[in-house]
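Engineer: So the sequence shown is numbered by my numbering: it starts at 110 and just counts up by one.
Among the hints, erroneous ones may be present.
The calculated label-pair distances, taken between Cβ atoms and stated as ranges, are [claimed, not checked]:
no., residue 1, residue 2, range
1, S143, A215, 24 to 32 Å
2, N223, V125, 23 to 31 Å
3, A155, N223, 17 to 25 Å
Once the Cα atoms are required to be at most 16 Å apart in a straight line, the calculated EDC-like pairs of lysine to aspartate or glutamate come out as [unchecked claim]:
no., residue 1, residue 2
4, K114, D187
5, K114, D175
6, K114, E226
7, K113, E226
8, K114, D124
9, K173, E205
10, K207, D228
11, K113, E205
If you are wondering where the hints come from, they were derived from the structure by calculation, not from laboratory data.
Note that the coordinates shown come from a computational prediction; the quantities given were computed from them, not determined experimentally.
Using N, Cα and C, we set each Cβ at its ideal position, and we do this for glycine too.
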Amino acid sequence: MKLKKVRILVQPIDDVKAEWKRALHGEIKSSRRSNTLVFTSLAAVAKVLSPVRLELLGAIIKHKPDSINSLAMIIGRDFKNVYADVKLLAAVGILELKGGAGRRDAVRPVALYNGIELDLAA
Numbered sequence: 110m111k112l113k114k115v116r117i118l119v120q121p122i123d124d125v126k127a128e129w130k131r132a133l134h135g136e137i138k139s140s141r142r143s144n145t146l147v148f149t150s151l152a153a154v155a156k157v158l159s160p161v162r163l164e165l166l167g168a169i170i171k172h173k174p175d176s177i178n179s180l181a182m183i184i185g186r187d188f189k190n191v192y193a194d195v196k197l198l199a200a201v202g203i204l205e206l207k208g209g210a211g212r213r214d215a216v217r218p219v220a221l222y223n224g225i226e227l228d229l230a231a
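The task is simple: from the sequences and hints, build the whole structure.
Structural biologist: This is the structure in structure tokens:
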């Protein structure tokens with residue numbers, strides 16, 4: 110799978126609401142690509158993409174670990190904290206979790222993107 114950049118768009122909440130309202134009324138169609146994530150503040154972006162989480166993302170891209178436990182060992186962090194960060198990055202759409210069908214099966218974190226583009230002027 111060829112990775113691409115994720116576009117991070119910072120847009121005020123009122124603008125997001127107005128755009129959703131226009132889309133629901135059929136006035137506009139979304140021009141956003143599937144690789145765009147919208148945040149309502151730069152602080153929210155900084156919270157989700159903290160330096161520790163960016164390091165984690167880089168390790169996933171570079172080492173392609175076969176489990177979250179392997180990832181924790183690679184970056185030298187506690188499993189519980191790595192697990193929480195991986196789940197958050199998966200929830201926002203930056204990572205995908207593969208496998209783990211059974212209770213004890215390893216869940217493999219997979220990066221969906223290999224770069225980040227930040228758009229502050231929306």
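Engineer: Checking one constraint from the list: CA of K114 to CA of D175, max 16 Å. Satisfied?
Structural biologist: Roughly 23 Å separates the two Cα atoms, so the pair is violated.
Engineer: Taking only the CA atoms, is the gap from K114 to E226 under or equal to 16 Å?
Structural biologist: holds (6 Å)
Engineer: Quick check on a hinted range of 23 to 31 Å for N223 and V125, using CB atoms only.
Structural biologist: holds (27 Å)
Engineer: Straight-line Cα separation of K113 and E205 no greater than 16 Å?
Structural biologist: holds (14 Å)
Engineer: Holds or violated: the 17 to 25 Å window for the beta-carbon distance between A155 and N223?
Structural biologist: holds (21 Å)
Engineer: Please verify whether K114 and D187 have alpha carbons no more than 16 Å apart.
Structural biologist: The hint is violated at about 28 Å.
Engineer: Under the criterion that the straight-line Cα-Cα distance not exceed 16 Å, is the pair K114, D124 satisfied?
Structural biologist: Distance ~24 Å between K114 and D124 Cα, so the pair is violated.
Engineer: Does K207 pair with D228 here, judged by a C-alpha cut-off of 16 Å?
Structural biologist: violated (29 Å)
Engineer: Does K113 pair with E226 here, judged by a C-alpha cut-off of 16 Å?
Structural biologist: The given pair, whose Cα atoms are some 10 Å apart, holds under the 16 Å limit.
Engineer: Could you say whether the range 24 to 32 Å given as a hint is met by the Cβ separation of S143 and A215?
Structural biologist: holds (27 Å)
Engineer: Given the hinted pair K173 and E205, is their Cα-Cα distance within 16 Å?
Structural biologist: Holds - the C-alpha atoms of E205 and K173 are around 12 Å apart, at most 16 Å.
Hint check: violations occur at hints 4, 5, 8 and 10; the rest are consistent with the structure.
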